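Quick note, the sequences are listed as chains A and B, same order.
Counting from 1, position 20 in the first sequence corresponds to residue 20 in our numbering; the numbering is continuous, with no gaps.
To get our numbering, take the position in the second sequence, counting from 1, and add 1000.
Derived from the structure by calculation, the hints contain no laboratory data.
Among these hints, one or two may not hold up.
Unchecked claim - Chain A regions said to be covered by chain B (calculated; three or more residues, Cβ under 8 angstroms):
(1) 23 to 36
(2) 39 to 48
(3) 85 to 93
(4) 101 to 112
To be verified - Lysine to any residue pairs mimicking SDA-like chemistry, simulated, CA-CA at most 25 angstroms apart:
(5) B/Lys1057 x A/Gln106
(6) B/Lys1057 x A/Glu5
(7) B/Lys1071 x B/Pro1109
(8) A/Lys57 x B/Pro1096
(9) B/Lys1057 x B/Gln1017
(10) B/Lys1097 x A/Thr51
These numbers were taken from a predicted model, which means no experiment stands behind them.
A virtual CB, placed ideally from N, CA and C, is assigned to each residue, including glycine.
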Amino acid sequence: TQLLEQSPQFLSIQEGENLTVYCNSSSVFSSLQWYRQEPGEGPVLLVTVVTGGEVKKLKRLTFQFGDARKDSSLHITAAQPGDTGLYLCAGANAGGTSYGKLTFGQGTILTVHP
Amino acid sequence: DTGVSQNPRHKITKRGQNVTFRCDPISEHNRLYWYRQTLGQGPEFLTYFQNEAQLEKSRLLSDRFSAERPKGSFSTLEIQRTEQGDSAMYLCASSPKIHPAYNEQFFGPGTRLTVL
Chain A
1 TQLLEQSPQF LSIQEGENLT VYCNSSSVFS SLQWYRQEPG EGPVLLVTVV TGGEVKKLKR
61 LTFQFGDARK DSSLHITAAQ PGDTGLYLCA GANAGGTSYG KLTFGQGTIL TVHP
Chain B
1001 DTGVSQNPRH KITKRGQNVT FRCDPISEHN RLYWYRQTLG QGPEFLTYFQ NEAQLEKSRL
1061 LSDRFSAERP KGSFSTLEIQ RTEQGDSAMY LCASSPKIHP AYNEQFFGPG TRLTVL
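Can you build the whole structure from these sequences, using the hints too?
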């Protein structure tokens, strides 16, 4: 069974601070996606990383995929109240017949106070 | 709007009743997925269709759960004899037929099920 451990589970910070969310596994993934979810809504895809060591930037968000494709991180610079939400990492299986399945971490609830 | 749509958005039912949810994927996407999410947790995979073929089912999908995608377009998820433990958000996602390493999935707004 593939598992993704996400940390921290909760993060409460002030506007303007920086933060990092981690996503770790003992399993290799073919790709890893980061999603943001608002209460009562479905997850919205932020980014997909595929290559080991890959770094992608989306405005103030920086995503990194580990060299061994087992872990990833999300770094937010100068957080704003609009960044508040549930952040989820999800890994796609690297082989076999399970290309369809995403394995999700348990999520990080981020609250940014004005 | 060309995103994934789900109906109904909310469903309240009594224990023992049957419920059915519908998902309409993004039109050009041939892959469709169902997930279940409980409060404070990430989504858990339930099942996956490629066109009309159901290719994978999770062990979470008990005999009371059945999913169909008869024409390879919309899908339905039925839960028979609902139990209080079935209360959750049921999410549908779709993805295009591209390189499997990417497997980017686009989610609908979900159906919130409450079993009394």
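Status of each hint after checking the structure:
1. With 4 residues having a Cβ less than 8 angstroms from any Cβ of chain B, the stretch 23 to 36 of chain A passes the three-residue criterion, so the hint holds.
2. By the rule of at least three residues with a Cβ nearer than 8 angstroms to a Cβ of chain B, the coverage given for the stretch 39 to 48 of chain A holds, with 7 such residues.
3. Interface restraint, the stretch 85 to 93 of chain A with chain B: holds (3 residues with C-beta to C-beta distance below 8 angstroms; minimum three).
4. Counting residues of the stretch 101 to 112 of chain A whose beta carbon lies closer than 8 angstroms to any beta carbon of chain B gives 7, which reaches the threshold of three, so the coverage claim holds.
5. At roughly 21 angstroms between alpha-carbon atoms, B/Lys1057 and A/Gln106 fall within 25 angstroms of each other, so this suggested pair holds.
6. Of the supplied pair hints, the one linking B/Lys1057 and A/Glu5 holds, its CA atoms being roughly 23 angstroms apart against a limit of 25 angstroms.
7. Distance restraint check for B/Lys1071 and B/Pro1109: the Cα-Cα separation of roughly 22 angstroms lies within the 25 angstroms cut-off, and the hinted pair is therefore satisfied.
8. Between A/Lys57 and B/Pro1096 the alpha-carbon distance is near 23 angstroms, which keeps this suggested pair within the 25 angstroms criterion.
9. A threshold of 25 angstroms between alpha carbons decides the hint, and for B/Lys1057 with B/Gln1017 the separation of about 23 angstroms falls inside it, so the pair holds.
10. The straight-line distance between the Cα atoms of B/Lys1097 and A/Thr51 is roughly 20 angstroms, inside the 25 angstroms bound, and the hint therefore holds.
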